[in-house]
Each structure stands twice: as C-alpha cells, then as structure tokens.
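Once you have looked at the hints, place chain B on chain A.
2 protein chains.
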Amino acid sequence: MLEDKNQAKTSLENLGEFGLIEHLTKDLKITQKSTVKGIGDDAAILDFTDNKVVISADLLVEGVHFDLAYMPLKHLGYKAVVANVSDICAMNATPTQITVSLAVSNRFPLEALEELYAGIKLAAEIYKVDIVGGDTTSSQKGLLISITAIGEAKLNDIVYRNGAKPNDLLVVTGDLGAAYMGLQVLEREKQVFQVNPNNQPDLEAYTYLIERQLKPEARKDIKPILEKLEIKPTSMIDISDGLSSEILHLCKQSRVGCNLYEEKIPADPQLINVCEEFNIDITTVALNGGEDYELLFTIKMDDFDKIKGNPNFTVIGHITEAKEGIHLITRENTKIPLKARGWNALEE
Amino acid sequence: MLEDKNQAKTSLENLGEFGLIEHLTKDLKITQKSTVKGIGDDAAILDFTDNKVVISADLLVEGVHFDLAYMPLKHLGYKAVVANVSDICAMNATPTQITVSLAVSNRFPLEALEELYAGIKLAAEIYKVDIVGGDTTSSQKGLLISITAIGEAKLNDIVYRNGAKPNDLLVVTGDLGAAYMGLQVLEREKQVFQVNPNNQPDLEAYTYLIERQLKPEARKDIKPILEKLEIKPTSMIDISDGLSSEILHLCKQSRVGCNLYEEKIPADPQLINVCEEFNIDITTVALNGGEDYELLFTIKMDDFDKIKGNPNFTVIGHITEAKEGIHLITRENTKIPLKARGWNALEE
Numbered sequence: 000m001l002e003d004k005n006q007a008k009t010s011l012e013n014l015g016e017f018g019l020i021e022h023l024t025k026d027l028k029i030t031q032k033s034t035v036k037g038i039g040d041d042a043a044i045l046d047f048t049d050n051k052v053v054i055s056a057d058l059l060v061e062g063v064h065f066d067l068a069y070m071p072l073k074h075l076g077y078k079a080v081v082a083n084v085s086d087i088c089a090m091n092a093t094p095t096q097i098t099v100s101l102a103v104s105n106r107f108p109l110e111a112l113e114e115l116y117a118g119i120k121l122a123a124e125i126y127k128v129d130i131v132g133g134d135t136t137s138s139q140k141g142l143l144i145s146i147t148a149i150g151e152a153k154l155n156d157i158v159y160r161n162g163a164k165p166n167d168l169l170v171v172t173g174d175l176g177a178a179y180m181g182l183q184v185l186e187r188e189k190q191v192f193q194v195n196p197n198n199q200p201d202l203e204a205y206t207y208l209i210e211r212q213l214k215p216e217a218r219k220d221i222k223p224i225l226e227k228l229e230i231k232p233t234s235m236i237d238i239s240d241g242l243s244s245e246i247l248h249l250c251k252q253s254r255v256g257c258n259l260y261e262e263k264i265p266a267d268p269q270l271i272n273v274c275e276e277f278n279i280d281i282t283t284v285a286l287n288g289g290e291d292y293e294l295l296f297t298i299k300m301d302d303f304d305k306i307k308g309n310p311n312f313t314v315i316g317h318i319t320e321a322k323e324g325i326h327l328i329t330r331e332n333t334k335i336p337l338k339a340r341g342w343n344a345l346e347e
Numbered sequence: 000m001l002e003d004k005n006q007a008k009t010s011l012e013n014l015g016e017f018g019l020i021e022h023l024t025k026d027l028k029i030t031q032k033s034t035v036k037g038i039g040d041d042a043a044i045l046d047f048t049d050n051k052v053v054i055s056a057d058l059l060v061e062g063v064h065f066d067l068a069y070m071p072l073k074h075l076g077y078k079a080v081v082a083n084v085s086d087i088c089a090m091n092a093t094p095t096q097i098t099v100s101l102a103v104s105n106r107f108p109l110e111a112l113e114e115l116y117a118g119i120k121l122a123a124e125i126y127k128v129d130i131v132g133g134d135t136t137s138s139q140k141g142l143l144i145s146i147t148a149i150g151e152a153k154l155n156d157i158v159y160r161n162g163a164k165p166n167d168l169l170v171v172t173g174d175l176g177a178a179y180m181g182l183q184v185l186e187r188e189k190q191v192f193q194v195n196p197n198n199q200p201d202l203e204a205y206t207y208l209i210e211r212q213l214k215p216e217a218r219k220d221i222k223p224i225l226e227k228l229e230i231k232p233t234s235m236i237d238i239s240d241g242l243s244s245e246i247l248h249l250c251k252q253s254r255v256g257c258n259l260y261e262e263k264i265p266a267d268p269q270l271i272n273v274c275e276e277f278n279i280d281i282t283t284v285a286l287n288g289g290e291d292y293e294l295l296f297t298i299k300m301d302d303f304d305k306i307k308g309n310p311n312f313t314v315i316g317h318i319t320e321a322k323e324g325i326h327l328i329t330r331e332n333t334k335i336p337l338k339a340r341g342w343n344a345l346e347e
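Respectively, the protein sequence lines represent chains A and B.
If you're matching positions, the first sequence starts at 0 in numbering that gives the first Met the number 0 and goes up one per residue.
If you're matching positions, the second sequence starts at 0 in numbering that gives the first Met the number 0 and goes up one per residue.
By construction, these hints were calculated from the structure, which means they are not laboratory data.
There may be inaccurate statements among the hints.
Output of the computed footprint for chain A on chain B, the stretches with three or more beta carbons under 8 Å from beta carbons of chain A [unchecked claim]:
| id | region |
| --- | --- |
| 1 | 95–103 |
| 2 | 121–135 |
| 3 | 138–150 |
Where is the CB? At the ideal position from N, CA and C, for every residue including glycine.
Only chain A is shown next, with the shape it has when bound in the complex:
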C-alpha cells in the first residue's frame, strides 16, 4: 500500500504548464451528450436544454485532507472525484462533468501526477463524468486538488436540504463509520512503519475499512433506485462530515427537530470488531467519523413500505417539530442532545 518512491522521475519544469495539461489530458474521452466542448479552449461548453444545472466545488489540501504517506496518489485522485460527485448525488441529480485544477510543488515528478490523474480518470470513467477543464500550476508546498462537479436534473427531481417535515422518516444509505476507522488503522500502520520500515503489516482484518477510506464510492445508484421505488425524498444531504453534523445541517435548514435511534445506526461487522480492538465507541465513530459519502435523506411516512427491507436503506430516526430539539435516543433509551463534532477542515 505504501508507495514505491524509487521510480523514474520526470521534472515538471521541463514540461511547462501547457505541456503538463496536454500530457495529462491527451486521451480524455467525451461521453456525455451534454458536453459540447471539453478541454482545449478558454472554457468548456455544456448543453442542458431541458434540465437544470447542478454545480459544486471542493478543495482537497495535502496535510489537511490527506496524507500521502498512506494515501496512494491514484486512490487520492479517485477519492477527490468521488467526494465531488457525491455532492451532486446529494441533490438527487446526475453528475455529468468535472473540472480538475491541481497545484503541485516541484517535489512531485510527472509520474506522480500521472498516477493522480489515472485515479481521476478512472473515477470519471466509472461515474460517467467528462473532465471538461481545469488548471495546473505550481504550489509553494504540497499538493492541492480543486474540483468543480457539474450535474443535471429536472427541477422537479431536485431535493434540497430544507424540505424535511415533522413525521418524515430519516433514512441513510449503506453503513457508517468505516472510513474513519480505516483512517485510524492506516495511521497506526504509518507509525509502525516509521519505527520499523521492514515491518509488513497484515491488514486482512481491515480490508473493508481501508477500502472505505482509500477508495470510497459515491451513491450515484441511489437516484435511479429511488425513482424505481417512486420515492422523492423531502430533503437530502451527503454524509461527508459525519452523521451528527449532517443531521444538524438538515434539521437547521428544514427548521425541524429529530430523534435519531442509536440502535438503528448501520455498521459493518468489521467496524464492530475494530472499534473493540481500538477501544473506541462505535456510535461515536458513526456519528462523527465522516468521509462515508453515503446519503442521508428524509421521506414521507407513507413511503415507508416502499423501502422496508431494502438493503440499500436504513431508517434511523424520524423528524419532529423544531421545538422538540435534535436528540440521540440511546440503546438505554436515554435522550441526549445531538452535537456536531464532525471533522472540521479548519482544525489541525
């Protein structure tokens, strides 16, 4: 998993800015009908005649959002796209294009950027988004990735954060907390590696958690699944900063309260084992871990039968009047106010 640092290296200075962009983007294919013109002019041209345009921007900074000691560059590129695509999915929209801007210090050889871009391209291929623009420049220190994701949706299909109503059910896709514990495992291994570089870690017991951290997936599949079930959520948000933080956002913007049931929060069996091993409370991890890129949404109570037993969804609570507040109902049936302690990009 740790990178081989002894590869052939090509200095970025030899290529220059335009050379680098051309090199990295030379075999990009356009797959979206809505992409009229991609990379190669002052701007890209997109055509969304009947649909609305959905747009979201995100910034990933080395040393703040990722650590290249255990994050292979290809995975990083993949994850950067996923994080942005996830924001489009969280509007119940379909991602269609991205722009990718990179700032890199000269310590990165061309081969490193090729690796990064390979991950970006792979994600673009898998999520069927066209790379239509961007910028590449040098940085004073480290690597910085700025992605803008563009998507489309019929106005009537778009789901905002502010539509939740009392008695709606609170639903989450997938399971929570695994990405955070994957990071804890990787950080532990990094420390072991620093003490003894010859130690070969056995990560078999952590594969799912590590994959959730290094190669998360955005839930582009949820929109078509919901359409098939004839459900339009009343509100939706993606869980990138931890469940509690996102519930608070959703409730604040919808001006409602919420009861979240601890026993309902979905966790993978591997997460349960590893939380025991690390002696960390699993609910704390699920509530505050972040980086799961699952979707959190609310549906009308009447739609419950449509999702009952569906393995993609777990009902974890219900919406209340604002005055009732936002609470976690513990396994012991005590009611405690939910607090945001999600990962904060400005805390170091």
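The following block gives chain B in isolation, referenced to the frame of chain A:
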C-alpha cells in the same frame, strides 16, 4: 498601497469551516435569473433553458501568481474574479456565476479573508456574476484561490479558438504590456521598501500601469459592442499569458499562420515612458508580459469597415496559410518567427 499589518485580528480556528463560509457569504445577493439556488446546499442549481453553459476553472497560488507584499488582498480578490470572467468573455459568452474556493494558512486572520472576499464581492457585483458556491479550508502554506466561472451564450454566438481562416484580420482590444510593467514597478518599490521601510514611494508616473496590474478589468463590454457592430469573430482567446503565446495558441488550434505587425501593437503612452526608464524593449513587454486580460480575436476581412477607427479595437495583423508560419514583422520590415515566451506558471 502597502498593507497596514497592525489591524485587529480574529483567529480562523475560532470560527471553524462552516462559521467562516457563513461569515464570508452572509450578505451575498442573487442577481442572475439563471441562479435558481446559490450557496447553502450540497450544490447550486442553475437554469440555462435556451442557452449553452460555458464553464472555466482557474487557480491562483501565493508566491506563484501573486505576492502579498504589494498585492492588497482586496485587489487580489477582485483580480481573481476578473481573470476567470475574462475566460468566459473570450468565448463570446456572458459570465453569470462563479464558485470561489479558498485555502488559507492560519497566519491569515479573519480580517484578511474579509478583505479578500470584499474584492471578490466587488468584482462579482461589477461583472454581475452570482457567487453560488465554493469551499474554504486551511492550507499548509500561503493562500490559494480556486475559482470556477460559469457563463451562458447561444450556441451560435460562441466563438472558439479554432475558427481563424487565412486572410482574416487579427484584432486586439485595449492596449498591451501595461500590467507587466506595473508589476516591475511594484517589485522595484518592494525592494526599495525592504531597504528603507520609511521611504514613501511616488508612484504618480505609474498609476495606469499599477492599476492594470492590481485592478485589471475583463472585457465583458466587448460582446455587446461586437453584437451592435454585427460582427461575429471567427476565433477568440483572452490575453492572459502574453500576446505571442496566445497568437500561437490561436494559430495552432485554427491550423493557420499569421503575420503580426510590430508597429501596430497598441501601447499606452505611460508604458512607453516606463519602458524607456527601465531600459526594456516595449515590444518584448507587449508580446510576453501577460495579465492584460484583453481579448484577441479574428474577423473576416469584410468586417474591417465596421471596426475601422473604433477606439476599442486595433488590427495588429492578418491570418495566413499554415505553411507560411507565424511571424512578427518588425518596424524595420524584417520577418522573424514568433516565439512563446509568455509567463509560465510552472517556472519559478
């Protein structure tokens, strides 16, 4: 012009990521009909029913693209927006929205970001673009600004880089080279300041050049002017990296050659004086200086009468067959191949 460093300072850590975004964007107004939903959800929603969407991304890095020793933060914010708006103008499109992502090290107090954002907001107001999204995070070192600009145009109005044909006229807006010489003046003053901080520079003779460097304007006015004149350019590009570099791009993508006439290149009288003072060749500056944010375009020969004598435009050359190459015809009537020596973001 140099900043007062002794202001009240509020640490960014106290605000947190969401607090900072809310603080900086709290009084943003939506002015574009096409902005359905701006900041405040996972993504913004835009509506361009009858028009195509034009999109461009750009990255500005401290120490690479700007130096805060002589670039006041408000000007920097303004210029960052201008540079992106210029890319949309260069498609003969109308800029409508931007997303703004910032990465800042903790050495910046909140007041510094407020200054920066004040410049961003001022430019957004003047160019009538809505700020519809973005991201704010910490950086390991310095300040980084990533802007994505969005615009709209009828498909038939859009002008690409690749449409120039032999015998077309090569036209430029405004004058060239001033932004570069403004930078030279500022760098000289920075050095003087470092030797003697009490020295008050007299910059009266350089006001135009310094303004072109610190507060450039994008040519959003050109599209309506050309429409009124009933001219549709055959190709267009913005001059951010220097005239010669952009001519080469335009000719390469259009697969044509070009003759550029040295005596026609428009220069401001102040530029002429300062080039003499610095003992720098004015043509070299105009060809390679960059950051002028003027537009370079080609028109059919038949349209010449429509722009003749128009103070916005200067015909500086004409397009030839590709096999004739790309040349500068000097004042002495010698023909020398044009080379790109424009500012290169990857050279430090």
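The hints, checked one at a time:
Coverage of the region 95–103 of chain B by chain A holds. Counting CB-CB distances below 8 Å, 6 residues qualify, and the rule asks for three or more. Requiring three or more residues with a Cβ within less than 8 Å of a Cβ of chain A, the coverage given for the region 121–135 of chain B holds, as 5 such residues are present. With 10 residues bearing a CB less than 8 Å from a CB of chain A, the region 138–150 of chain B meets the requirement of three and the coverage assertion stands.
Every hint from the earlier list agrees with this structure, and none is contradicted.
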